[in-house]
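Protein chains in written order, with our numbering: chain A, 1 to 256; chain B, 1 to 463.
Derived by calculation from the structure, the hints in this document are not laboratory data.
Each statement offered as a hint is correct.
With a straight-line Cα cutoff of 30 Å, these simulated DSS-like cross-link-like pairs (lysine-lysine) come out: (1) B:LYS174 with B:LYS145; (2) B:LYS174 with B:LYS239; (3) B:LYS298 with B:LYS357; (4) B:LYS330 with B:LYS357; (5) A:LYS214 with B:LYS145; (6) B:LYS87 with B:LYS109; (7) B:LYS108 with B:LYS168; (8) A:LYS214 with B:LYS108; (9) A:LYS214 with B:LYS87; (10) A:LYS214 with B:LYS109; (11) B:LYS385 with B:LYS357; (12) A:LYS214 with A:LYS196.
Since the model is a prediction, treat every value here as computed from it, not as a measurement.
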Amino acid sequence: MKRAKVTNIAGIIARELTRDNVFLSLSGASVLLVFASLILNEMVVGQQIKATKDLGLSVLNLFSLFIVIFLGISQVSGDIGGTSLYFLFSKPVRRSEYLVGTAVAVFMAVFCGVLVITVTIFLLSIFQGEVWIMGLLIAAYLTLLEMLVMLAFALLFTLITSSQLAMFLTLSVYIIGHTIQQAAVIADRSSNLVLKYIILLLYGLCPNLEFFNKKTEIIYHVNIPLSYFLYTTVYSFSYTTLIVLLALYVFKHKEI
Amino acid sequence: MIVQNKNRSIIKSFWRSRNLFSKRFLVLILIVVFGLLLVVSQGYLSRHVVLTMENKKESDLYLPEPAYLAFISCGHEGLVADLVLAKALTYFGSHYYERHTFGFKHLKKLFFTAVEMDPMNRDAILLAGNILGNVDMRSAMEILKLGMFYHPQYWKFPEMMGFYYFFKLNNPLKAAQYYEMASRLPGHPPYVPSISGKLYEESGRYGEALRVLINFYTTAEDKRLKESFKQSILELEEKIKKRDFMLKATIIKVLDGVTVEFKRDASNPQFGFLKRVETYRVVGPVSRELKGGDGVEKLAGLLRRDYARFMLEGADVGLLFQRERDGSLKRDSEDRLMGSITMKNNLQFEPLSVDQKLLEPEELDRERIYSMVGKTVSIRFTVQKVEAIGKMIYFRAGSAYRSRFSAVIPVEYAVNFETVEPGSAGWFRGLEGKTIVVNGLAQIRGGEVQVTLYFPGQLKEFN
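Generate coordinates for the entire structure from the input sequences, incorporating the hints supplied.
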C-alpha cells in the first residue's frame, strides 16, 4: 500500500464529498440547530449558556454521525455498484489503497464538518458572553475519535450488505455503543443467565462509545485526567484498525 | 383584469365544449373538491386537537422514567434534561393562572426527571426547590434532599431547607439543624452560622446555640467575623444568665403603664419566699417615664397603661429582678419588686415601649455606665465628637464621659448606614451636638464602655 496513492485517492474523494449537496445541507442544518440554542437558553436554568453547550455538543456528535452514515456509505456503495472501480482497479491501484483512501476522505469530510460546528458554537458562546474554548476542543477531539470507530463499522457494513442495511446497522452500532454500559449494569443485576451472557458477550464485542461521551464533565468543568485522553485515543485507533483490517479482508475477497 | 378575463374564457370554453370530462376541467374539479375537503378536515381536526388538549390538561402527560430516558438518549442526557426542564417551566407558566382549578399535578415529575437526567445542574435543583416550595412543600423538600445527595458539599441546599423549615413549616429547631449543616460546608456566606445560632436560640435551645456560636468563633479566621460571633456569644450568655434567674409568672392585672400584679409560677423553688401575688414595677436601667407640661405626662401615662394592658394582661411572661448588693431582690419605697419583663418570643416589654415612644430611653448616667456592661441597652446621649480612629468611627459622649463611653461603628459597617443617609462621613459628622439613641450590647474595650453598632436600626436621632 503506497502512501502517495492513498493520499491521491483521499484528496479526490474528499473534494467530491465536500461539494456534495448532502454535506452542505447537513452542515447548514447543523449550524441552524446550534443557533436554535439561543431560544432554548431562555428556557433553561443553569450556566449562562448551558443550552448552547448541550445542544451544540449533541449536534456536533449527531452531525458527524450523519456524515459518516450518509456520505461514507453512499460513497463506497456507489463506487462498488457503479463502474468507477473497474477503471480504478485497471490501473496499478490496490483494493486496500482504495478503501483506506476512501476512509481518509470521509474522515476529512467529518473533520471539516466538526470544524464548522465547533467554530459556530465558539462564536455563539462569545456572542453570549463566555469564551468557551477548552471544553469545546476536548468535545471535538472525542467526537472525532468516536467517528473514527463509526466510520470503520460503516465501511465494513457497506462491503457486506446493501447500502440501506449498512446505514441501519451503523446506526444500531451507535445506539448499542451508547447503551451497552447501562445494559451491562442490567445484565449484572439480571437473574436470567442466558440474557446475562448475551449482554456480556455484546459488551465484549461492541464498542463502548460512552468512553467518548464526556459532555457532562466538559460542561460542568470536571477535571478529566490527561491519561484518559491517551487511553481513549489508543482505544479508538485499536478498534478502528481491527475493523478496517476485517473490512480489507472482506473487500479483498469480494466479487466486484 | 387580463387574468380574470382569461379565467372566464376557460370556464366559457368548458361550458361551450360541453366536454365535462376534459383534462383541464377534471383538474379544476379536483382542486376545488380536495380544497374544500382539506378546509373541512383541518377545521375538524384542529377543534379535536384543542378539545383533546383541554381534556388531557391534567390527566395525561407521557414522560418516561428518568432511567429509561437516560438509556434511550444515547449519551445526550444533558440535552434531554434541558428540554424536560424547559417543559417544566412552560408547564408551570401555563398552569399558573389556573392553579386553583387544576393545580400542578405533573410539575414534580417534570422537575424530578430533569434533575435525575442532569444531576450536576445545581441551579436547576435550586429553581425546582424554589418553585415547588410555592406549590408543594413536601416535593420541594424531596428535591432539595436529592440535591444534597448529589452535591453533599454545596451549602445552598441545606440553607434552603433551613429557610423552608423556619418560614414555611414554623420549625426553628429543624431549621437550625439545616443552617448548621450549611454552615459546615465550604463557601457559605458569613450570615449562615449566625442564623443557625439564632434559630437554636429561637427554639429555646440556648445551649445548642452557644455551642454553634463558640464553634464558629474559634474556627473563624476573618477578624470581622470573629468580632461578630463574639458579640452574639456575649448577647446569648446574657440571655442564658437571665433565663437562669428568670421567674415564670402570669400577669393578672396592669395597674398602670409600668406597674403590674403577677402570680408567680410555683414550680420554681428559688422564688418560694415570694408572696403568691406581688406587685412589680417595670423599670430597667435604660428608660424613664415621659416628662412634659400641659397634660402630656398624664396622656402618656394613660397611653402607656392601655398599651401595657393590651400587651401584658393575662400573659405568661418571664420576670428578671433587680437585685441589691447582697443578692436580695430589690424593692422600691412602695414595696414593689423591680425589674424587666420578657414576653413570648424573647421580646422585651420595656424596649418595645421605648419604640412606641411611651417610654424615653434613659440618659447616660455616670454611676450606671459600668453596671450596663454585658447587657443590651438602649442609651440616649449627646454626641460631643465624631472621629475616625483606626478601623472604628467613634461617637464620643459628653465631655464628662469622654474616656468612659462611646458608641462605635466599625468602618466596614459604615456602608450599611450610608444606604440610609448618603454621604456617610458628612452624615456622621452632622450628628455632633445632637442627641442620639443607640441600641446594642455594652462592652468594655480599652477601659471604656462601648456599644458597637452594625446596622442603621441601632442608631436613631432623638426627637
